[in-house]
Amino acid sequence: MHLAQGAVVCSPDGSVQLGAGSAVRENATVVGTARNPVTVGEKTSLGPRSLLLGATTGHLCEVGAGAILMPGSQLGDRCLVSEGALVPPGMWVPSDSVVVGRPARVVRRVDTGDLERLRMTRGGSLSLPEQPLTPFFAKDRAEDAPMGQLYSFRDKHPLVHPTATLFSSCEVTGDVIIGPGSIIGPGVRIVGESHVPLRIGAGVRIHANTVIHLQLGGSLVLEDGVLMGPGCVVHGCFVGANTVVEPGAILCDRSRLGRGCVVGAGSMVRAGTLFPDAAQVDGFPAVQTGFLASLPPVPPWSLRPEDLPELRRVS
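All residue numbers for the sequence shown refer to the numbering used here, where the first residue is 49 and numbers rise by one.
SDA-like mimics (lysine to any residue), calculated; alpha carbons at most 25 Å apart, straight line:
hint, residue 1, residue 2
1, Lys-204, Arg-247
2, Lys-204, Ser-242
3, Lys-204, Gly-265
4, Lys-204, Ser-216
5, Lys-204, Arg-302
6, Lys-204, Gln-263
7, Lys-204, Val-269
8, Lys-204, His-283
9, Lys-204, Glu-241
10, Lys-204, Cys-300
11, Lys-204, Gly-249
12, Lys-204, Asp-272
13, Lys-204, Val-281
14, Lys-204, Leu-264
15, Lys-204, Arg-237
16, Lys-204, Ile-225
17, Lys-204, Val-239
What follows is a list of derived Cβ distance ranges for each label pair:
hint, residue 1, residue 2, range
18, Leu-264, Gln-179, 51 to 61 Å
19, Ile-225, Val-155, 38 to 48 Å
20, Gln-263, Glu-178, 44 to 54 Å
21, Pro-151, Pro-344, 14 to 24 Å
To be clear, the hints were calculated from the coordinates, so they are not data collected in a lab. For every residue, glycine included, the Cβ atom is placed at its ideal position computed from N, Cα and C.
Work out the full structure: start from the sequences and follow the hints.
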């Protein structure tokens with residue numbers, strides 16, 4: 049098993065199982081939960097910045113860079129998922145399939161050329177080690193880890209409420225305010241370099257390997273209760289209270305989301321786009337696809353305060 053630099057595996061109670069010879073490439077994110085565990089087959093490769101959330105893959109699969117596998121999705125053996133593909137919740141992909149698109153679709157079966165490329169990238173052999181899958185557990189105790197990395201920038205430094213939780217591998221730089229009870233997940237990068245603070249409200253949850261960047265001349269506000277999925281990219285924008293931004297979404301400068309919205313996984317909200325309260329937003333570029341009758345529920349990939357009993361701030 050190989051974990052590359054920047055890869056994040058969230059495995060509460062051993063809910064992620066990684067097969068022998070598997071690889072989690074640079075800045076890829078794997079998230080399992082008790083309800084949606086993750087199983088990665090032997091000699092399967094998860095490409096850079098790919099997201100695997102409560103999904104299952106067979107053996108000898110190749111998941112391309114930036115691809116997203118949503119909870120409950122399943123890949124058979126020897127499946128090839130193209131770069132940037134989005135496999136929606138519950139989708140079953142049969143063995144020996146080539147998958148492309150957002151949402152994903154099977155376009156053909158794996159051919160002999162594909163199998164030869166798989167063989168060459170796996171040490172010249174498609175044989176399997178046939179070792180039992182083992183649960184993935186963190187080696188270091190949470191209470192021994194520092195609470196995030198905080199950096200000053202141009203005489204501005206982050207202000208973090210004492211009840212907020214920052215994972216040790218996250219980085220917060222510059223003029224950033226993080227409110228009470230917020231959770232900043234592993235590998236998150238938050239950079240505030242404008243003339244106004246980058247403001248993160250109370251109870252906000254920002255998940256693994258998300259990048260939030262406010263550059264000079266802009267503003268960026270995440271109101272109370274915002275949930276932001278793994279692998280998002282966020283520039284100077286406004287996100288209303290209790291909005292859910294699903295994994296891999298991109299929010300561009302000057303975009304604005306009302307309260308209680310949902311942005312679909314892998315969507316791209318263009319610069320200057322405005323959406324009202326309770327909007328359901330999806331697509332690349334994103335458009336409004338409907339209205340929500342109530343506040344969006346907490347998605348299965350989200351961290352919860354009760355998931356973190358062992359993580360505490362240390363002096």
